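Undergrad: Please model the entire structure based on the sequences and the hints provided.
There are 2 protein chains.
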Amino acid sequence: MRVLVCDQIVGDKKDEDAMDGLTVAAAQQCVIEAMKKLGAEAVPLSQVLGRVLAEDIRANRDQPPYDVSAMDGFAIRSADVANASAVLEVIEDIKAGDMPRKMLGVGQCARIMTGAPVPQGADAVVRVEDTAVVDDAQVRIQVAVRPRNDIRDRGESMRNGEVVLNAGTEITPGVVGMLAMVKAAEVQVYRLPRVAILSTGDELEGLDDPFDANKIPDANSYALMAQVQALGITPDLLGIARDEPEHLKQMLQRGLQYDVLLVSGGTSVGVHDYVRPTLEALGVQMKFWRVTMKPGHPMAFGVAPLTWVFGLPGNPVSSMVCFEEFVSPALRCITGHSKLFRSTVTAKLARDVKHKHSRTEFVRVLLSKEGDVLVAMPTGDQGSGILRSMAMAEGLLVIPSSSKGIAAGEQVTVQLLSGTEFQAEAGGGY
Amino acid sequence: MRVLVCDQIVGDKKDEDAMDGLTVAAAQQCVIEAMKKLGAEAVPLSQVLGRVLAEDIRANRDQPPYDVSAMDGFAIRSADVANASAVLEVIEDIKAGDMPRKMLGVGQCARIMTGAPVPQGADAVVRVEDTAVVDDAQVRIQVAVRPRNDIRDRGESMRNGEVVLNAGTEITPGVVGMLAMVKAAEVQVYRLPRVAILSTGDELEGLDDPFDANKIPDANSYALMAQVQALGITPDLLGIARDEPEHLKQMLQRGLQYDVLLVSGGTSVGVHDYVRPTLEALGVQMKFWRVTMKPGHPMAFGVAPLTWVFGLPGNPVSSMVCFEEFVSPALRCITGHSKLFRSTVTAKLARDVKHKHSRTEFVRVLLSKEGDVLVAMPTGDQGSGILRSMAMAEGLLVIPSSSKGIAAGEQVTVQLLSGTEFQAEAGGGY
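Residue numbers (the numbering used here), protein chains in the order written: chain A, 220 to 649; chain B, 220 to 649.
Since the hints were derived computationally from the structure, they do not count as laboratory data.
On a predicted model such as this, the values are computed, not experimentally measured, just so you know.
Check the hints yourself; a few may be wrong.
Any copy will do: because identical chains look the same in the list, a pair fits if it lies in one copy or spans two.
[To be verified] Derived pair list, reagent style DSS-like, types lysine-lysine, alpha-carbon separation capped at 27 Å:
id : residue 1 : residue 2
1  : Lys-588   : Lys-567
2  : Lys-558   : Lys-623
3  : Lys-402   : Lys-434
4  : Lys-321   : Lys-434
5  : Lys-256   : Lys-573
6  : Lys-255   : Lys-623
7  : Lys-255   : Lys-573
8  : Lys-623   : Lys-573
9  : Lys-468   : Lys-321
10 : Lys-573   : Lys-402
11 : Lys-321   : Lys-255
TA: Right, here's the structure in full:
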């Protein structure tokens with residue numbers, strides 16, 4: 220039986236310290252072990268891009284349905300053109316969608332279009348560029364060809380009944396093409412989660428609230444919204460819970476109606492942080508509430524009967540980094556994906572980066588190319604309040620907790636932030 | 220004045236051969252030169268992810284609006300804690316969103332939360348972990364700190380009125396966070412094009428048509444639909460134009476009401492191909508109709524008064540490759556992006572790839588990692604009818620036209636197919 224990190228900590232060791240400071244890798248494992256795929260639903264082909272197949276897809280015919288020409292040209296008998304410069308009689312004109320009406324005899328050929336069925340008697344196609352018109356009824360074939368030349372065999376692309384796409388396949392444009400090819404107008408894919416986003420804190424000003432110089436605009440709700448959208452999911456924004464126990468409780472109760480609840484702020488150790496006790500009072504089993512990372516130390520995760528709950532830091536940069544490391548893999552997992560983590564690249568560090576603490580650090584970087592070598596340049600001030608550094612960043616440079624700093628020129632691992640590319644294993648060597 | 224490839228060919232050289240066989244690079248240049256950005260429109264923050272800003276965005280306040288604590292802890296006078304183990308009087312409790320009511324005197328401190336304003340008289344913050352409670356009204360500070368310790372300066376993140384995001388910025392989740400931070404509930408972004416997709420050919424069976432073993436399902440319309448969707452644009456599918464001049468003309472006329480028309484099939488040299496002459500009769504100025512590439516030789520591009528027209532090969536793999544090389548950069552360009560082309564990676568080729576012709580070849584490959592080295596493995600049969608090879612592919616290995624083949628172990632350039640990552644220049648060394 221596999222070792223469950225969370226249960227081990229919660230059930231066996233009851234180790235408050237461990238829960239209070241999991242490594243990034245242990246926290247990721249804890250989150251992923253708590254996930255399970257959502258059910259399947261039927262979705263029309265126009266809306267399946269990016270989703271994951273929940274069923275095997277079979278071919279509904281041989282494709283092509285008969286031997287067809289791979290080129291515009293002439294269907295011939297290869298024996299007739301063994302000597303270059305053979306002149307053949309054109310007995311028919313076959314285009315894609317036509318069925319041939321005649322059988323080729325010796326010295327005969329048919330004009331044929333790409334994708335059109337090869338007539339009986341023919342065993343090869345000569346492309347039009349290798350022929351010359353003699354008159355309306357005759358053509359000169361200027362090359363010798365082997366049998367099967369430029370013929371696509373019946374069933375070459377797919378054979379009736381065979382599985383052409385397996386359950387678990389992520390639906391790319393090429394997969395959409397394949398689904399259309401087998402006329403799958405509607406397919407079973409894993410359902411998307413209903414995701415709620417809640418910000419907390421009296422200091423926050425909502426997007427539609429009047430300007431108050433003493434408040435801080437709620438950036439978290441929208442940055443998280445966009446991170447969820449980037450995974451193809453449309454979240455609901457619940458707004459801002461005030462630092463008032465009853466209001467917070469009502470908002471969290473609303474959030475616990477969803478599959479996934481993201482709460483930002485209120486998970487730190489201060490006396491005003493009600494989020495963790497309120498969640499626990501509402502039946503959420505907290506799995507951890509601190510991770511030894513920077514930014515993002517106060518990062519919590521818990522499980523309720525209906526809902527996976529992520530407590531993200533109040534600070535926008537920390538919240539976004541924690542989303543990338545924990546929420547994004549979780550959302551990928553429950554929607555059926557097998558590649559859960561951001562793609563990584565190896566890059567050369569452009570300047571020294573200090574590392575004086577014992578937490579895994581995520582440094583926002585820009586990437587550029589020097590010849591074939593990728594170069595990672597930190598985006599300037601890495602203060603966790605500097606959201607601009609996250610807006611500019613193309614990747615997160617991962618500094619392992621044990622590092623004593625990295626010198627300019629050394630090789631580093633960078634998680635790519637843009638794009639929807641993911642890989643099977645978490646990269647970065649935490 | 221810059222050299223315009225298309226005009227040079229059409230206007231000066233009148234070189235049918237050149238139009239009939241542009242290199243990939245020349246054809247890309249021709250397409251991009253014919254593009255211009257669409258206009259701007261106001262879009263709410265919930266729908267701007269992936270779009271491009273058409274306006275500079277300015278900060279609407281200092282952020283933070285005053286000096287704030289970077290930690291949960293105690294605001295102190297640094298001079299008071301020069302000796303470790305100072306005991307200070309707690310005169311106030313300041314949380315985020317509160318304004319301090321008192322000024323610190325000698326030997327006094329205030330309990331303070333992350334993000335809360337630093338009171339007058341204080342010049343540093345000591346985090347709670349470095350303190351010990353003495354009683355309700357007193358705390359022991361266990362470390363000496365320097366002035367400004369754990370204080371975030373007013374305006375550190377942004378200063379009122381400064382440009383925080385430039386026009387031309389692609390809107391990532393971090394940018395959405397920044398926009399929320401300056402309370403940009405609605406922003407000016409470049410408009411998305413109206414895109415029409417039309418398939419041609421009597422051999423095609425529509426997705427909702429009854430099964431006919433002698434026909435070929437129309438995969439192109441849906442693969443192209445998904446490729447357009449992957450760029451954040453919802454296209455209209457016009458259906459299938461039959462090989463009948465009047466029907467084709469009507470369908471093309473409908474398509475010419477759009478910003479971009481993608482026609483697949485019917486651009487090859489066969490006698491049944493009416494698409495090019497019909498487009499020309501409808502006023503489309505054809506810029507080229509062949510590109511020296513494989514797959515994808517019959518690839519056409521033209522310009523009408525309202526519409527950019529792409530004539531894509533009828534074969535689904537060729538059509539998808541041509542979309543990647545020509546249509547995708549064009550759609551990126553008109554929607555305001557500066558990074559138009561697929562990201563490329565350098566990989567080691569897993570097995571020999573032959574190259575016997577003089578066209579640029581795009582080989583579908585899978586990518587895997589051997590340690591830090593990316594390995595590119597062709598996806599098996601590269602026949603242009605094998606759509607499965609495109610559905611499986613993670614990238615396109617670019618073989619330059621001059622190549623005599625590439626041996627296993629050599630370094631190759633691969634354009635990444637998945638993801639929404641793009642780079643400024645076309646990679647691949649065509």
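Undergrad: Please go over all the hints and tell whether each is borne out by the structure.
TA: Comparing the hints with the structure gives:
1. Taking CA atoms no more than 27 Å apart as the test, Lys-588 paired with Lys-567 passes in both settings, with 10 Å inside one copy and 18 Å between copies.
2. In this assembly of identical chains, Lys-558 and Lys-623 lie within 27 Å of each other by CA distance neither inside one copy nor across copies; the values are 31 Å within and 36 Å between.
3. Proximity of Lys-402 and Lys-434 under a CA criterion of 27 Å is satisfied inter-copy only: 12 Å between copies versus 55 Å inside one chain copy.
4. For the homomeric pair Lys-321 and Lys-434, the shortest alpha-carbon distance between copies (19 Å) is at most 27 Å, but the shortest distance inside one copy (83 Å) is not.
5. In this homomeric assembly, Lys-256 and Lys-573 never come within 27 Å of each other (Cα to Cα): the closest approach is 40 Å inside a single copy and 43 Å across copies.
6. In this assembly of identical chains, Lys-255 and Lys-623 lie within 27 Å of each other by CA distance neither inside one copy nor across copies; the values are 38 Å within and 50 Å between.
7. In this assembly of identical chains, Lys-255 and Lys-573 lie within 27 Å of each other by CA distance neither inside one copy nor across copies; the values are 39 Å within and 45 Å between.
8. Taking CA atoms no more than 27 Å apart as the test, Lys-623 paired with Lys-573 passes inside one copy only; the shortest distance there is 7 Å, against 48 Å between copies.
9. In this assembly of identical chains, Lys-468 and Lys-321 lie within 27 Å of each other by CA distance neither inside one copy nor across copies; the values are 80 Å within and 32 Å between.
10. Taking the closest pair of Cα atoms, Lys-573 and Lys-402 never come within 27 Å of each other, the shortest separation being 57 Å inside a single copy and 34 Å across copies.
11. Proximity of Lys-321 to Lys-255 under the C-alpha cut-off of 27 Å is found in neither arrangement, the shortest distances being 59 Å within a copy and 52 Å between copies.
This entry does not satisfy hints 2, 5, 6, 7, 9, 10, 11, going by the numbered hints stated previously.
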